[in-house]
Amino acid sequence: MDGGYSGNYAVVAVAVALGAAFVLAGVVANRLLRPHVPTAEKYTTYECGLDPVGDGWAQTHIRYYVFAYLYVIFAVDAVYLFPWATILDTDGYGLVTLVEMVVFIGFLATGIGYAWRRGVLRWV
Amino acid sequence: MSEVLEAALRLIVVFAAFLTLPLLVGQLEHKVMAHMQSRMGPMYAGGFHGWAQLVADGVKFAQKEEVVPAAADRTVFRLAPALALIPYFVAMVAIPIGPGLVGRDIDAGIFFVLAVMGVGVIGTLMAGWASANKYSLLGAVRQVSQLMAYELPFVLAAASVAMAAGSLGFTDIVDAWEPWWLIWQLPAAVVFFVAGLAELNRPPFDMPVADAEIIFGPYTEYTGLRFALFLLAEYAGIVLLCFLTSVLFLGGWHGPFVDSWVWTFAKAGVLAFVVVWLRVSYPRMRADQLQKLAWQILIPVALAQLLLTGVVTVAW
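Each protein sequence line maps, in turn, to chains E and P. Under the working numbering, the first residue of the first sequence carries the number 1, and numbering increases by one thereafter. Under the working numbering, the first residue of the second sequence carries the number 1, and numbering increases by one thereafter.
Possibly wrong hints are sitting among the right ones.
Claimed, not checked - Pairs of lysine-lysine, DSSO-like flavour, derived with a Cα cap of 30 Å:
(1) Lys60(P) x Lys42(E)
(2) Lys64(P) x Lys31(P)
(3) Lys42(E) x Lys64(P)
(4) Lys31(P) x Lys60(P)
Unchecked claim - Covered stretches of chain P, going by a simulated chain E footprint (3 or more residues, C-beta under 8 Å):
(5) 61 to 67
(6) 83 to 96
(7) 162 to 169
(8) 252 to 264
(9) 287 to 296
(10) 300 to 308
These are computed hints drawn from the structure, not numbers from a lab. Here the structure is a predicted model, which means the values were calculated and not measured. Ideal Cβ placement from N, Cα and C applies to all residues, glycine included.
Same shape as in the complex, but just chain P (with noise of 0.2 Å):
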């Protein structure tokens, strides 16, 4: 019975973690841009700074009225924000912040990872293609263009890493961790985080919902809640993809003095900056410089990274 009740907690801490840490992640944005483009940022709702915007934004989303367009195939339109949601959360109980810290140890836990990431692609395709918009439509096409690229360089780098630590779980793979690994890894870790940038559509490879061009991408025709539920997923999936690069390449836990959860959350606090800062920093790449990225230098990279992981984990 304990062992259910203990499975049930951990749960619980993770849904929690679910709710506020994109929410943080979000407010980082906020900021972090004010201050990169010499404005202030919100400053009202909560008072201090301006910290409870995005709670706000919430309740305001929660009470919007709810418009399908009369074009669109309801069913899928109204399932679609689920799909893209709940596989971030599936996905972040897998992943160990400390020994011991883990949602579920589960013991193919990258390859778990990676296959329910993918589904989270669905929700967006489902969205673009269920709202009968032409704009949405695109960016759905986009979508998938995006992730055909960007999927091969994503897996292959996350198996580098899996293979010089000659496991698939995360725990295992930050035990057999060590410093230098930061060195002789640092390929894969470059091009694990730019193609995961790429999935999850963030700037500079916002193509599938450039505003300038396709209003919001497959998002176009979605209003309140199930608007605010895709937001949710976007920033869902950077904190997802921080805290899995900053545990599969940075050594999770591991830092100086002392090994600590504290490790975990400061390098993907920091990675989380660092998506922001590429935001502000970037201009969008176009569909064939997004293609050229992915297919002539992330794809070869990947391989070549393969060849030297595997050749120094036998040598050694």
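Only chain E is shown next, with the shape it has when bound in the complex (with noise of 0.2 Å):
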């Protein structure tokens, strides 16, 4: 088996198809197993019983979009760890690069604590 990227890729594809096969094979079944009665009652949106009131797509106020913003810097700056997790290691990195790491996280964690320290990790 060679570990080329491709070849690797190309079994993922076939996972894929594999798994969509597994899903449409369990829908067919289900559709010649089923009954089918439909009625009126049956297809209203659930609502504990009750007529629904007003639609279901309401507007909501997102109140944790700051969160959000944090989310997508830290998650970025998350991505770069990996491939320098990979060569910290080896011959001609080492200490430099760490260094250069800390000043990394030490910029993430000085964005968490100014967070922190404005409050804006409080749930409101």
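Mind docking these for me? Both chains are given alone in their own frames, and the hints should help you get the complex.
In structure tokens form, the structure reads like this:
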């Protein structure tokens, strides 16, 4: 088994197809086995037995949008950690790379510390 | 040709594991929860201690009528379970359980698995939005807030172990692993497991599906087979998290006496038990408590662990 890039991701593609085939087979079997007795009540939106009030797609205030901003910043930063992690131990990197990383993590920590002090990490 | 055959065989074995292991975890949950709450749990189906309960459930689900609410966005609604389930299978393909025992050894293993696992949440979000139901929408919004908080410590903890091993491949990580990592990488292991539980909506992090408040969150409107697929996805997620934790942090197939895949299974089994145990022991956390735990405890701990790992790796 060669560990080639295209070979690996061909296997991944086959795995996705296999998963999709499983779901499809289940859905088809379900279609053949299940009863179909439509009534108007059955297709109303569930709201604890009462008639639904208003639209399901209601507007909501996403109060945690600050967390979303924080997340995007940190997630992009975290992606850079992985390539760095693999070369840390190899010759010619070592200490200098580590110091660079400490600076990098320092920035992250300062960012979260700042957000913390400003009180945005408190749930409203 | 034999190469293709081998690859196919490996996929089929992983697929079989993907279909059976979640049921085993489900049965474990039934029985462990029951005994922790001084009851018997399922006893009838299949005869011996109700071992076939989940098989019977599957048969029942497959025969149930499908109800798609009139107000729902039909296409998205019906696609969502597939999107929730398939990523867990694809991720499972990359996880080794013994030397050479892997669906496919992908070189950037950790990165691949973390990326693919993230896709599963989109299925939940689609379900919540497409249902056109207030409970579902609330559940989906809660799910997103939880994902944003816990994805980060999850990724940072995984980066710590990748740094310690100097590789993103699972096999390399297990090869580099030594028993003292249990102590040195303990904070990362705990952060990883807790954040993983939160991503899977397992209690005490089950606010997105909180049954007492919002029925079943994004899955409220689902019936029959599609509902079963979501449940299967949840348990496949538990299996994945347990194997991932045991391979990354607990040394995988390393163990006393002889290195064997049996150890990987034993470690994952113990972790699955812990997952159930936590469900029985802890009450559900509130939204503010969830965010607080993630941003003010797990992320700082994960960052400190990264620093420690970096210093020790270079100094060693």
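**Study point:** Numbered hints the structure breaks, given as an ascending list
**Key:** As far as the earlier hints go, only 8 is violated by this structure.
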